[in-house]
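Just so you know, we're using the numbering used here here: the sequence shown kicks off at 1 and counts up by one.
Just so you know, the hints here were simulated from the structure itself, not pulled from any lab data. As the structure is a prediction and not an experimental result, all values here were calculated from the model. C-beta atoms are modelled at their ideal positions from N, C-alpha and C, and glycine is treated no differently. Hints may contain errors.
Simulated restraints on C-beta separations [as the list claims (entries may be wrong)]:
1. 101 with 53: 36 to 44 Å
2. 53 with 100: 31 to 39 Å
3. 8 with 101: 32 to 40 Å
4. 37 with 101: 31 to 39 Å
5. 16 with 36: 19 to 27 Å
6. 105 with 61: 18 to 26 Å
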Amino acid sequence: SPWLEASSEGVFGVDSAGRCSFINAAAARMLGYQPHEVMGRNIHALTHQARPGGTHCPVDACPIFQAFRAGVPCRIDNEVLRRRDGSALSVAYTAHPVLDGAEVLGAVV
1 SPWLEASSEG
11 VFGVDSAGRC
21 SFINAAAARM
31 LGYQPHEVMG
41 RNIHALTHQA
51 RPGGTHCPVD
61 ACPIFQAFRA
71 GVPCRIDNEV
81 LRRRDGSALS
91 VAYTAHPVLD
101 GAEVLGAVV
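Please construct the entire structure, taking both the sequences and the accompanying hints into account.
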């Protein structure tokens with residue numbers, strides 16, 4: 001979408017299995033990837049295996065996954081994602097569930 005691509009903010013979506021359903025160029029660039037390299041991949045496994053400080057972050061504790069599994073939005077002000085080269089990327093984000101009636105389809109981050 002031209003509107004997503006025009007944003008300097010990174011935006012991506014995940015489906016109910018945690019796979020990337022869309023990602024704008026800004027988000028891909030921040031993570032060190034091309035958009036096509038992220039599409040269809042599990043976002044948690046790709047970028048979010050550690051908490052700030054380096055401790056392991058299991059998928060069940062991942063705020064992005066919690067947002068769409070519970071159907072509740074969340075805001076995280078101090079998080080660390082991993083870039084392609086393994087370096088840390090400090091981020092703040094909101095994760096909003098995508099709903100179809102009562103069914104949670106995924107989330108927009």
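Just to be sure I understand the hint, the distance between the Cβ atoms of residue 101 and residue 53 should be within 36 to 44 Å; is that true here? 39 Å, holds
32 to 40 Å was suggested as the range; check whether the CB atoms of residue 8 and residue 101 agree with it. Holds, since residue 8 and residue 101 (Cβ atoms, about 33 Å apart) stay within the stated range.
Does the beta carbon distance between residue 53 and residue 100 stay inside 31 to 39 Å, or does it fall outside? Given about 37 Å between the Cβ atoms, the range holds.
Verdict for residue 37, residue 101 (Cβ pair) under range 31 to 39 Å: 33 Å, holds
Distance restraint evaluation - residue 16, residue 36, Cβ atoms, bounds 19 to 27 Å: 22 Å Cβ-Cβ, so the 19 to 27 Å window holds.
Could you check the hint for me, namely that residue 105 and residue 61 are 18 to 26 Å apart, CB to CB? 22 Å, holds
The structure agrees with every numbered hint stated previously.
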